[in-house]
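S.K.: Here is what each chain is made of, one letter per residue.
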Amino acid sequence: MDRVPIIKIGKYLLATIQTDVQDNVAVALQEDLAARIIAARARLVLLDISALQIVDSFIGRMIADISGIAKLLDAEVIVVGMQPAVAITLVELGLTLSGVRTALNVESALAMAGIRDQN
Amino acid sequence: MAASERVTVALRTQEDVVSLRHRVREQAVVLRFSLLDQTKIVTAASELARNAVIYGGGGEAIIETSLNNGRDGLTLTVIDHGPGIPNVEDAMRAGFSTGGGLGLGLSGTRRLVDEFELRSEVGQGTSVRIVRWK
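So the protein lines, in turn, are chains A and B.
So for the first sequence, numbering that gives the first Met the number 0 puts the first residue at 0; every next one is plus one.
So for the second sequence, numbering that gives the first Met the number 0 puts the first residue at 0; every next one is plus one.
Just so you know, the hints here were simulated from the structure itself, not pulled from any lab data.
The structure displayed is predicted, hence computed values, not measured ones.
There may be inaccurate statements among the hints.
To be verified - With beta-carbon atoms standing in for the labels, derived distance ranges:
(1) D1(A) / R11(B): 15 to 25 Å
(2) E114(B) / A110(A): 39 to 49 Å
(3) A110(A) / I61(B): 41 to 51 Å
(4) V26(A) / E25(B): 23 to 33 Å
(5) N23(A) / H80(B): 18 to 28 Å
(6) K10(A) / G57(B): 41 to 51 Å
(7) E120(B) / K10(A): 51 to 61 Å
(8) R110(B) / G98(A): 19 to 29 Å
(9) E30(A) / L66(B): 44 to 54 Å
Note that beta-carbon positions come from the ideal geometry of N, C-alpha and C, so glycine has one too.
Use the sequences and the hints to build the structure in full.
M.R.: Shown next, in the form of structure tokens:
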């Protein structure tokens with residue numbers, strides 16, 4: 000099974016979903032990120048989904064869950080780079096991902112988190 | 000010009016769900032669907048395929064494309080031979096889930112397509128046919 004790579008950059012973690020993922024890869028990402036948040040004492044996680052061509056209800060729930068898990072671990076997830084067609088489709092599907100922070104790209108995510116100049 | 004193509008994809012594993020997404024995308028590109036329409040039909044296919052694998056114990060999907068003057072479309076039929084759905088009305092309601100999901104699968108899928116037809120018989124299985132016109 001493939002795993003989504005997670006890299007540590009300064010005080011934050013960057014997880015980039017690089018291809019169409021099957022369900023167990025998304026589930027593994029939840030566990031991997033939770034472990035890495037603790038190990039790295041990270042307060043911010045950028046979840047880059049710009050390469051994802053679709054987000055269905057399962058992957059959408061994973062994204063919402065990852066965000067919720069991180070909150071409980073005193074970290075924040077910013078979902079980066081959602082494609083416009085994905086956003087429109089998600090809302091029509093009935094999934095608005097309320098409570099999940101998003102940014103259009105990594106740069107604005109870092110600016111949002113106020114740590115752009117610290118790295 | 001009139002042409003049609005038919006592709007069958009087996010649905011047994013999570014990998015098959017990903018394969019189906021790719022095949023549906025290919026056909027939607029052949030039909031010159033807009034990126035948004037490609038995204039909608041691939042998302043709908045993913046929902047139905049996952050249902051067939053998780054709840055239906057596996058099955059198959061048939062992708063049919065028709066290229067006719069003025070009416071190009073993609074039809075996807077997902078069939079499983081699982082336990083069937085005892086109460087289709089409940090299953091179509093947003094928020095209904097038996098599998099720990101969000102319960103958006105079927106009701107959400109219906110919103111992504113132009114035609115939606117669900118047939119289910121308890122003990123026999125479920126078949127869902129969706130169509131997205133260009």
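S.K.: Let me make sure I understand: some of the numbered hints might not hold for this structure. Which ones are they, in numerical order?
M.R.: none
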